[in-house]
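Chemist: Chains as they are written, first to last, in this note's numbering: chain D, 51 to 326; chain A, 144 to 406.
These are calculated hints, taken from the structure and not from any lab test.
Here a beta-carbon is modelled for each residue, glycine too, at the ideal position from N, C-alpha and C.
Incorrect hints may appear among the rest.
[Said to hold, decoys possible] Which bits of chain D does chain A cover? Going by a derived footprint, with three or more residues having C-beta under 8 Å, they are:
#1 146 to 158
#2 200 to 210
#3 215 to 222
Single-letter residue listing:
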Amino acid sequence: MDILTLAFMQRALIAAALAGLASPAIGTYIVQRRLSLLGDGLGHVAMAGVGLALLTGTAPLPAAVAVCVAGAVLIELLRQKGRATGDIGLAILFYGGLAAGVLMASLAGQGAGGLQSYLFGSLVTVSASDLRLVVALSAVVLVVALGFSPQLFAVCADEDYARTLGLPVRVYNFGLVVLAAVTVTTAMRTVGLLLVSALMVIPVAAAQNVFRGFFAGLWGAMGIGLATALAGVVASYYADLAPGATIVLLAIAVFAASWPVAALTHRHVTHGGSRT
Amino acid sequence: MPLEPTPVLAVRGLDVRLGGNLILDGVDVTLAAGAVTALLGGNGSGKTTLLRAVLGLAPHQAGTVEWFGQPQDKFRGWPRLGYVPQKAAISLHATTLAEVVHTGTLAYRHGAVRGLTTLAHRRRDRAVVAAALDAVGLLDQAKELFIHLSGGQQQRALLARALAQDPAVLVLDEPLAGVDLAHQAAIHDALAGFKAQGGSVLVVLHEVVSLAELVDHAVVLRGGRVAYSGPLAGAPDASHGHEHEPPAKAAGVMTGMEPQWTS
């Protein structure tokens, strides 16, 4: 296994494993809230951070995290304000972010090719300082997503009821989009900004086919995310494939395989009622 | 008058305006401790808006809402108010019945964000959830998915979620809507048990039928105003005589509760 002796591959595997765990963990709440495409928009916004970093010659990952978190707060403010204007506002924010990022990158002398590793992931680009940041941020995401799971579930499942319990619903709503932004940017190096949303949604959908209930689905989605992220990195190393695309297609394959399981369980429920 | 006990809920002169329309116009409602107050009225009479306003889910423009003698914005006892929304207002996929009910146990936790979940929480919560499911007769279905339950079972599950809070007050929005007679009986029994233990209930009802014997006080809303406040038996439409002919707009809405009231 020479793959484990290469320093850049060790870093890529650790970063991919953390993305594979954190993305579906946050994704489970995002899907319950019916905001499945939030991660995609946040990925677009993060590009502005990458462009800014290239233009100013700073490290891309911290800049992407900062810009994406700011964008997430703006998105949640727009969402709370109301629907009609919020929808157009989101479109402007998403595409404005992507366009600003590409524009700043081209000003910095980077063509579309230079951005490819950020958009679709790359194994060789995870630096040691990147990895330290990814580990720290992923730890925060996982501790909050798992430790506060009953509260986050309550807010995502029935916001009015959560409010009558006296839960600080606004705090949790902002917390969720900020964590989603952090997750998107920490997965940037391995999966890429345009594909990370898939890792937040597809393992969740697959797990809900196989496991019964929200929390079983949460753990199941993390397991599927971890397995496909690691397998995708290894496969892309040996077969020289783009890692982000490999991970996402593997996750879709798992989802496809989970389909018959869902059909079986559903039949069981409708026929059986109570199990004996 | 000698000292009167502080009512659980006192609403005075409440105005609620939504989207420029006056939905509630100077509404007074009182819920006495240990009593069941029913809010009656047709569609659009403002009863659900009144419920949302007293819970702080809809803002009011005039009047006061006091819970246990405390102004609404100073009140800190929210976890002891068990809100049971209409099942139709909730859409939960991939969630088991026990998980839905478990949300109610967050009421026990202290602090602004209610803290990290510990193993002690888990043990205690499991017992509370089982007891709440048992109270509505759904213990056997605990592991079923919420969306696979019948409408009546879903409504009972939302009642169990509120009971898991160990509430002092239940606030229910049309708990009988679209619920068949067997499930109505289960809801009646759970509410009767809650009242017997000293609980107070504010309930919006479209049809009183199976809960009539529990109701101590009825408030009939019509066009956002209180049209009647008093014992259920004296409420307009309570008799078959129709002495108080309701306006045409509200005429059809109370038909559902006529026949069984006197039985």
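Chemist: Could you tell me which of the hints above the structure violates, numbers in ascending order?
Modeler: 1
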